[in-house]
Amino acid sequence: GAVVSQHPSRVICKSGTSVKIECRSLDFQATTMFWYRQFPKQSLMLMATSNEGSKATYEQGVEKDKFLINHASLTLSTLTVTSAHPEDSSFYICSATLDSATNEKLFFGSGTQLSVL
Amino acid sequence: QKEVEQDPGPLSVPEGAIVSLNCTYSNSAFQYFMWYRQYSRKGPELLMYTYSSGNKEDGRFTAQVDKSSKYISLFIRDSQPSDSATYLCAMSGLGGYNKLIFGAGTRLAVHP
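Protein chains in written order, with this note's numbering: chain A, 1 to 117; chain B, 1 to 112.
Treat the hints as calculated values from the structure; they're not laboratory data.
Here the structure is a predicted model, which means the values were calculated and not measured.
Every residue gets a Cβ at the ideal spot worked out from N, C-alpha and C, and that includes glycine.
Keep in mind that the hints are not guaranteed to be accurate.
[Claimed, not checked] Not everything, but these chain B residues come out facing chain A in the computed CB check (under 7 Å):
hint, residue
1, Ala-29
2, Gly-43
3, Pro-44
4, Tyr-49
5, Tyr-51
6, Gly-54
7, Lys-67
8, Ser-92
9, Gly-93
10, Lys-99
11, Phe-102
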């Protein structure tokens, strides 16, 4: 089956630093990747849609200057949390689509737990 | 009112029990309905994918969609301890790029 790799799985950083999270589709090319945030006992919330070679589309309320997304190739998208603060602490998950015509071919990474001290 | 409501549980059942998980929604534009299983600190894994109203069965899992009531269910038969996880419902409108709207997830614990 399709595999989406996300790295790192856990990161702890100091307030004010930047953190980069990578999302890779290992065995397929993904023209579109998605980034979500999940707070404890809450649902996954879509942050942005990342299309290869173009600017990401951010959901309402998500600061594009704070959450920088780069989708430079068909197998890699990165999310950089800039000047992280404790309120950015959350579980970040990416997904990649094998077939944009159906959500049935949407595969998720294993997530990154970000803790900002 | 949230677009998708899901009882967070936790739900604790003995091994072998039939589990019923449910979600209600408010947006009549939703056409695609999904159930994901998520183990602690891992990404969601697709269990069931259904379009419009009706039933779909896959092994021990049955998904039901009642669009007239805006209500979806996931049944797990002969539940096993390995089924212990958080179950997320998700739904979307027409087209693959449409945003998935997730429920908050129901934590299920199946004890031996």
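* **Supplied contact hint for Phe-102(B), tested at 7 Å Cβ to chain A** => Holds, about 4 Å.
* Asked: At a threshold of 7 Å, is the proposed contact between Tyr-51(B) and chain A supported by beta-carbon distances?
  -> violated (9 Å)
* To do: With a cut-off of 7 Å on the beta carbons, see whether Gly-93(B) makes it to chain A.
  => violated (10 Å)
* **Hint validity - Gly-43(B) Cβ closer than 7 Å to any chain A Cβ** => Given a least distance of 3 Å, the restraint on Gly-43(B) holds.
* **When the least beta-carbon distance from Tyr-49(B) to chain A is tested against 7 Å, hint result** => Tyr-49(B) check passes; min Cβ-Cβ to chain A is 5 Å, inside 7 Å.
* Does Pro-44(B) meet its interface restraint, that is, does its C-beta lie within less than 7 Å of any C-beta in chain A? -> holds (5 Å)
* Status of the Gly-54(B) interface restraint (C-beta, 7 Å, chain A) -> Violated: closest Cβ of chain A sits about 16 Å from Gly-54(B), beyond 7 Å.
* With 7 Å as the cut and Cβ atoms as the points, is Lys-67(B) at the interface with chain A? -> Since chain A brings no Cβ nearer than about 17 Å to Lys-67(B), farther than 7 Å, the hint is violated.
* Asked: Holds or violated: Lys-99(B) as interface residue toward chain A, Cβ cutoff 7 Å?
  -> holds (5 Å)
* **Restraint outcome when Ala-29(B) is required to lie within 7 Å of chain A by C-beta distance** => Not OK, violated: Ala-29(B) not within 7 Å of chain A, min 14 Å.
* Hint status (Cβ of Ser-92(B) to nearest Cβ of chain A, threshold 7 Å) -> holds (6 Å)
The structure fails hints 1, 5, 6, 7 and 9 (numbered hints given earlier, in ascending order).
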